[in-house]
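Asker: Sequence:
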Amino acid sequence: MTKARAAVFASGTGSNFQAIMETDDLSCDVVLLVCDQSGAAVIEKAEKLGVPTFVCDPKEHGSRIDYERVLLEKLYESDVSWVFLAGYMRIVGPTLLGEFSARIINIHPSLLPDFPGLDAIGQAYEAGVDSTGVTVHYIDDGIDTGPIIAQEEVPVYPDDTKEQLTERIQQVEHTLYPQVIRQLLEYEE
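Quick note: the sequence shown uses full-length UniProt numbering, first residue 1, plus one each step.
In case anyone wonders, no lab produced these hints; they're calculated from the structure.
Just so you know, these numbers come straight off a predicted model, no measurement behind them.
Any given hint could be a false lead.
Derived lysine-lysine pairs resembling BS3-like cross-links, with alpha carbons at most 27 Å apart [claimed, not checked]: (1) K59 <-> K45; (2) K48 <-> K74; (3) K3 <-> K59; (4) K45 <-> K74; (5) K3 <-> K45.
Given these sequences and hints, build the entire structure.
Answerer: Shown next, in the form of structure tokens:
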């Protein structure tokens, strides 16, 4: 049986992209990295790993629809059937959602529905909660509102700095996301 072909969308350092790529039994082939930031560190990681990269600046397109149409063309050209968002700092619009319904998943650094959107770790830290965590979820037309696939709790210790909490959350992300991807794709087979 042929493995599913996936694209990873990322905007930053690419630590989750790297964790996905370093997973031996992923049940899919990551055939494309899509990045919206030309200077993002994830691009160099993809090049070192031999993953084709498509850098597409949304500002070079007239609208979000036009931008997403360009992305769709690249996804079709690469024969992609799944999209994994890994630190992609853009809202996915109806053009992509319509074509990849129930095939776009995201990882978010909180226990949704708590602390959606940007700087979830900072939101949790400032709120003084005892625990936060990581959520893997399907994408829908809201912001971090799609159906939840998996969650893992991360404690917040009284003497934590935001940096310490971030490090613990990222450690969980780097194991949970590849695990969920593997399980989803094995279930699909």
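Asker: If a hint holds in the structure, say so; if it does not, say that too.
Answerer: Hint by hint, here is what the structure shows:
{"no.": "1", "hint": "K59 <-> K45", "result": "holds (24 Å)"}
{"no.": "2", "hint": "K48 <-> K74", "result": "holds (21 Å)"}
{"no.": "3", "hint": "K3 <-> K59", "result": "violated (34 Å)"}
{"no.": "4", "hint": "K45 <-> K74", "result": "holds (20 Å)"}
{"no.": "5", "hint": "K3 <-> K45", "result": "holds (23 Å)"}
Checked against the numbered hints above, the structure violates only hint 3.
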